[in-house]
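Q: Spelled out, the chains give:
Number of protein chains: 2
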Amino acid sequence: MTKQLIECVPNFSEGRITEVIEEIVEPFRQRKGCALFDYRADKDHNRLVVSLVGEPEAVQEVLLESAKIAISHIDLNHHMGAHPRIGAVDVIPFVPLQNITMEACVELAHTFGRRYYQETGVPVYFYEEAALKPERRRLEVIRKGQYEALKKEVMNPERHPDVGEPQLHPSAGATIIGARKFLIAFNVNLGSDDLNVAKEIAKSVRSSSGGSSHVKCIGLALEERRLIQVSTNILDYEKNALYRVLELIRTEAKKWGVPVKGTEIYGMIPAAALLDSISYYMQTEGFDPNQVIELRLLQMLRDNEA
Amino acid sequence: MTKQLIECVPNFSEGRITEVIEEIVEPFRQRKGCALFDYRADKDHNRLVVSLVGEPEAVQEVLLESAKIAISHIDLNHHMGAHPRIGAVDVIPFVPLQNITMEACVELAHTFGRRYYQETGVPVYFYEEAALKPERRRLEVIRKGQYEALKKEVMNPERHPDVGEPQLHPSAGATIIGARKFLIAFNVNLGSDDLNVAKEIAKSVRSSSGGSSHVKCIGLALEERRLIQVSTNILDYEKNALYRVLELIRTEAKKWGVPVKGTEIYGMIPAAALLDSISYYMQTEGFDPNQVIELRLLQMLRDNEA
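Residue numbers (the numbering used here), protein chains in the order written: chain Z, 334 to 639; chain D, 334 to 639.
FYI, nobody ran anything at the bench for these hints, they're computed from the structure.
If you're wondering where the values come from, they're calculated on a predicted model, not measured in any experiment.
It is possible that part of the hints are untrue.
Identical chains share a label here; the pair holds if one copy fits it or two copies do between them.
To be verified - Using 27 Å as the maximum straight-line C-alpha spacing, the simulated DSSO-like pairs for lysine-lysine come out as follows: (1) Lys485 with Lys466; (2) Lys477 with Lys514; (3) Lys401 with Lys484; (4) Lys536 with Lys588; (5) Lys588 with Lys466; (6) Lys532 with Lys365; (7) Lys365 with Lys336; (8) Lys587 with Lys536; (9) Lys401 with Lys587; (10) Lys594 with Lys572; (11) Lys365 with Lys594.
Please construct the entire structure, taking both the sequences and the accompanying hints into account.
A: Have a look at this one:
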């Protein structure tokens, strides 16, 4: 029987102070039953994104350890960054990866969320597949107005947390916990310093304003690099090919005479998403992921393990 | 200790008769210690290319079994196809894949080559890293004039086989055995029926006439599909990125006003070669293969195995 594996991608509101970042990440290293696949901090976003893969039990333990460290260090009242957030530990999604269903990940999110509040005192909102109210499937609904607005509005019944009293943690805000499909974070950096251009392009790309379904998109300024960024989350890469999102942004950028300077794949990505795009750009006919030697070796080792 | 793994890519001169193809491939199926990763037959090439991965001992046994079947069915005196060949079993390269050196694969090619002649009576030429004469590193030198010319010229000392008497097997010709790096077979199909155009483009791409180093390239007519094909072998994909070969062919094709209709990755390909090209087309900055979830899972399983 192949092991159950989930991916968990906790987002922390600290992207600048190396010592704090390392302290938050430390519990994810070298633990039995889970592996730190990726972590990256962005100064402009002032945010740390971690990719953790492992067995459900082990992942929950290290998450709690790490969250407590983040909560002890991060004060949302003094936090500035380009990326929207409501908490020191802003988002914790569970993603089914191997031999586990989405339903089991929803269950996991709920159990973990209740324990998380008990142990940290930080209230919890459930989102995506784990949402208890339909409108809360969407992260941006929960995060509306960010920490600063939510601090006041949390007492309104429609903004009450799903777990915990109707008030935010005084320094760590609230945490959004859920279950979802594998998400691709994909950013396109453009050669301009006009934030308005990034915002206009983002508007034409994202689903909420008529763009691609399953694509979230915001325009940001990368002040350190003097660039603007169209930052996307592709919620369903099987329906929204990576190349299509990029080419759509390229097309819109042309309207403003702004060049694509480069792109960033932020965190982990499934091979299938890349193969799909390579097939587009290279016009491959009949290309099968089974032709990739490492994917076949993985299959061989899994078969041996089973 | 991680297992020793090699890839072996035997090429057989039969791409049309399904029953014969299946009979040749049968010994590669479901054998302990080796796995059939890929096989594809091409009617125009009249050629079958197999990718076999496994432990060196197991691979040799199934190769001999399969070669004997091919030799019993294929008569070079009645063989026609677009792809150059000198034998029923035309080429057998061994490729180091995991925990084995190139030197060990050269040794393997030599041992296997001698046993192959003893058991089949088909003379052997050694090529690439296993070549005993420097000019025989190059496949096309050994294969010059193909079966039809070699049948007569084999008695000339400079064309004597490396193993066996100076005469070809009456129906199965000769077999070229060697060791080499992972090779990518990459074909570009062009919307024209002018074979001369394919040949001219091939000339400008291949190393032997001033094109890219480590790239072999021929122009072929795909009569069934009424297309022409620029068929390449990329002998060192780390030095000759796939995208660069494709874009070079695209550039040359423009000169003739001929469109790229599609491309084919023939057989297996290492993930690194694809990632390299996706980074080019998508302008990714700082993308690391470790971000691909399956590559990390493979690493995890290998670590567990070790």
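Q: Hints first: check each against the structure and report whether it holds.
A: Cross-check of the supplied hints:
no. : hint               : result
1   : Lys485 with Lys466 : within (21 Å within a copy, 82 Å between copies)
2   : Lys477 with Lys514 : within (22 Å within a copy, 55 Å between copies)
3   : Lys401 with Lys484 : within (20 Å within a copy, 78 Å between copies)
4   : Lys536 with Lys588 : within (14 Å within a copy, 40 Å between copies)
5   : Lys588 with Lys466 : neither (39 Å within a copy, 60 Å between copies)
6   : Lys532 with Lys365 : neither (43 Å within a copy, 58 Å between copies)
7   : Lys365 with Lys336 : both (13 Å within a copy, 24 Å between copies)
8   : Lys587 with Lys536 : within (15 Å within a copy, 37 Å between copies)
9   : Lys401 with Lys587 : neither (46 Å within a copy, 61 Å between copies)
10  : Lys594 with Lys572 : both (26 Å within a copy, 25 Å between copies)
11  : Lys365 with Lys594 : neither (41 Å within a copy, 50 Å between copies)
When held up to the earlier numbered hints, the structure conflicts with 5, 6, 9 and 11 and fits the remainder.
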